[in-house]
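Colleague: First to last, the sequence lines map onto chains A and B. All letters in the first sequence, in the order written, are residues 1 to 264 by the working numbering. All letters in the second sequence, in the order written, are residues 1 to 276 by the working numbering.
Treat the hints with caution; some may be incorrect.
In silico contact screen, one side only, chain A against chain B (beta carbon under 8 Å); selected entries [as the list claims (entries may be wrong)]: (1) Arg76; (2) Met88; (3) Leu149; (4) Ser150.
Hints were generated in silico from the structure; no laboratory data involved. Here the structure is a predicted model, which is why all the values come from computation and not from measurement. C-beta atoms are modelled at their ideal positions from N, C-alpha and C, and glycine is treated no differently.
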Amino acid sequence: MSLLEVAGLTVRSGDRVLLDGLDFAVGAGERVGLVGGSGSGKSLTALALLGLLPAGMTVEGGVRLAGVDLLGRSDRELSAVRGSRIAMVFQEPRTALDPLMRVGRQIAWPLRAHRGMSRKAASAGAVELAAKVGLPDPERVVRAFPHQLSGGQRQRVGLAIALACRPALLVADEPTTALDTTVQAGVLRLLAGLVAEEGMALLFITHDLAVLAHMVRRVLVLGGGRLLEGGALADVLRAPAHPVTRELLALARAGAFRRREVAP
Amino acid sequence: MTRVVLRRPGGVFGLAVLGLLVVGGVVSYWWTPFDPRAADPARAWLPPLREGHLLGTDRIGRDQFSQLLAGAGGTLVAAVASAAVAAVVGVALALAAVLAPRPLRASAVGLIDVLVAFPTLLLAMVLSAVYGSSLATVVAAIGIGFGVGVARVTRAELLSVLGSDYVLAARASGARTGRIVRRHLLPNVAPTLVVQLSLVMALAVLAEAALTYLGYGASPSSPSWGGMLHEQQAHLAARPLLVIWPGVAVAVTVLGCNLLGDALRDAGDPRAVAAR
Numbered sequence: 001m002s003l004l005e006v007a008g009l010t011v012r013s014g015d016r017v018l019l020d021g022l023d024f025a026v027g028a029g030e031r032v033g034l035v036g037g038s039g040s041g042k043s044l045t046a047l048a049l050l051g052l053l054p055a056g057m058t059v060e061g062g063v064r065l066a067g068v069d070l071l072g073r074s075d076r077e078l079s080a081v082r083g084s085r086i087a088m089v090f091q092e093p094r095t096a097l098d099p100l101m102r103v104g105r106q107i108a109w110p111l112r113a114h115r116g117m118s119r120k121a122a123s124a125g126a127v128e129l130a131a132k133v134g135l136p137d138p139e140r141v142v143r144a145f146p147h148q149l150s151g152g153q154r155q156r157v158g159l160a161i162a163l164a165c166r167p168a169l170l171v172a173d174e175p176t177t178a179l180d181t182t183v184q185a186g187v188l189r190l191l192a193g194l195v196a197e198e199g200m201a202l203l204f205i206t207h208d209l210a211v212l213a214h215m216v217r218r219v220l221v222l223g224g225g226r227l228l229e230g231g232a233l234a235d236v237l238r239a240p241a242h243p244v245t246r247e248l249l250a251l252a253r254a255g256a257f258r259r260r261e262v263a264p
Numbered sequence: 001m002t003r004v005v006l007r008r009p010g011g012v013f014g015l016a017v018l019g020l021l022v023v024g025g026v027v028s029y030w031w032t033p034f035d036p037r038a039a040d041p042a043r044a045w046l047p048p049l050r051e052g053h054l055l056g057t058d059r060i061g062r063d064q065f066s067q068l069l070a071g072a073g074g075t076l077v078a079a080v081a082s083a084a085v086a087a088v089v090g091v092a093l094a095l096a097a098v099l100a101p102r103p104l105r106a107s108a109v110g111l112i113d114v115l116v117a118f119p120t121l122l123l124a125m126v127l128s129a130v131y132g133s134s135l136a137t138v139v140a141a142i143g144i145g146f147g148v149g150v151a152r153v154t155r156a157e158l159l160s161v162l163g164s165d166y167v168l169a170a171r172a173s174g175a176r177t178g179r180i181v182r183r184h185l186l187p188n189v190a191p192t193l194v195v196q197l198s199l200v201m202a203l204a205v206l207a208e209a210a211l212t213y214l215g216y217g218a219s220p221s222s223p224s225w226g227g228m229l230h231e232q233q234a235h236l237a238a239r240p241l242l243v244i245w246p247g248v249a250v251a252v253t254v255l256g257c258n259l260l261g262d263a264l265r266d267a268g269d270p271r272a273v274a275a276r
C-alpha cells in the first residue's frame, strides 16, 4: 500500500471539469514530480489533496493517506491532518506569510496546534527549525516580520512551517518559481536534503522539467486536467510520448540554454 | 505602537485634542469657572475676557467657556461610545456577511445594503421619538447607522484577506476558522477598521451636535456644543463669536479624530513603521 493513493480524482466547477479522473500513488519516502503547463490543474491537484478547494468546486473520487480516506471529511477532521501528516509549501513567498505576524510565531504555530507544545517550547522549536532550514542568525530571524526577509529567506520560513511536524507527505507547489535562479539552487538543495533526512514523501509540482532533474526519480505529466503520461524521469526525458511533454521539455532546454548564455 | 503615533505630527495633535476633551470633560464635573447653567441677565452679551468671562457670555449671561467645558464630556462620551457600538455592529455584521452559512450570509449582506441606505439622522429621530431623547439614544443611532457603513468596508477588506495566500497557507498548516479569524483576519483588517472608527468618532461629534441642535439629543438644559449652536443661531449676524466657539470646538475635535486615526493606521502596520 502506498502512502498516498489518488483514484479517479475529479474536480468540477459548475459544468466545467477541471480535473478529470486522476489516478496516481506516492509511496512512503518516494519523491514524485507533477509537471504541467499553466492551467493544467497542478495547483488544483495540490489543493484537492489537502481539501482546500475554493468554495463552489465539487470533488469526486478518492484520496487516501496511509489507507485513510480524506475526501468528504469534515473541516475539523481535515485540519488535524493538514500541517501534521500532509504539509504544503507555496509558490509565492511574498504572500504566503502573514505580514503582521512575526515569523517565529508562524513557524511555532503548527507545533502548538498539532504537538500540543507550550508557547515556550514551541518558540524554542521555531528557532531550531529556522536553523535547520539554513536561516542566518535564527534567534534574530524568528523575531522578524516577513517584509524584513528576502524572498529566499521567506521561502525557507515557509519550508520550516511545512516541516515543523515532520509530515509524511510534503506537497511543494512551484516552491522556487518566484525566486532568483541563484537562490533557487540553494532552496532546492535544502529541500532535497531535508526530505531525504526526514524520509518524507514529496510531491513536487512545477512547470519546469529542468528543476525536477535533481529532485525526483518519477514524474507525472498533467495537461488539461488529465494525466497524460508518467514514469521514470529518465525515460520521460529520453522518449517523451505526449506532445505536451515534448513542449515542456523544449521549454526546459531553451531555459537551460538561456541560463548558459547569461552565465559569464 | 505608541511611539509610532507620537512620531507623527497628526498623531500628536489628535492625542492632544482628545486629551484636552478628556481633561475638560472630567474637570467640568467638579469645577467650571462659572455655573454653565446659571443665567445672569445683568451680564448678558459680554465680549470675551470681560469680568472673568474668558469667551464672553450669551444672551442670558451664561459663561461660554464653562458651557464649552461642560459640553466636552457629552461630546467625548458620544464619540467614544458611538465608535464602540459601530465597531461591534460593523465587525459582527461583516464577519456574518463573509463567514456565516450561505442563507445567513446573504441576509447579512442584504441588511447592510438596506441599512446603509437609511439616513442615520432619520434613524436617530425615529429612535428618540420612540425611546425619548437622550445621549444613549443618540449613541445607539449613530453607532448602528455608521456601524453598517463600517461593516460594508470591513466586509470588502475581509474578503480580500480571506482570499490571500497566507490564509490559505494557515489553513494548509491546520488552522481552523476560529484561529483564522482571530489571528489573521482581524489583525489584518484592523488598520482599515481603526481609520473607519476614527471617522465614525468624527462623524459622531458632528452628528451629536447636529441632533442636539435639532433638539433630539441630550435635554436642552444640559450644556452641549450642539445646544449652544442651536440657541445662538438666531443671533448669528449680531454676535458671530458665540457661534464660532462651539463651531471651532466641533471642527478641531473632528480634525483631531481623523489625524489620530491616520497615525493609528500607520502604527498598526509594521511595513509602514519600517518605511518611515
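Colleague: It remains to establish, for every hint, whether it holds in the given structure.
Modeller: Outcome of the hint check:
1. Given the 8 Å rule on beta carbons, the hint for Arg76(A) holds: about 7 Å separates it from the nearest Cβ of chain B.
2. With 8 Å as the threshold, the beta carbon of Met88(A) comes within range of chain B, its nearest partner Cβ sitting at about 4 Å, so the hint holds.
3. Using the Cβ-Cβ criterion of 8 Å, the hint placing Leu149(A) at the interface with chain B is not satisfied: the shortest such distance is roughly 12 Å.
4. The interface hint given for Ser150(A) is violated, since its Cβ lies 14 Å from the closest Cβ of chain B, which is over the 8 Å cut-off.
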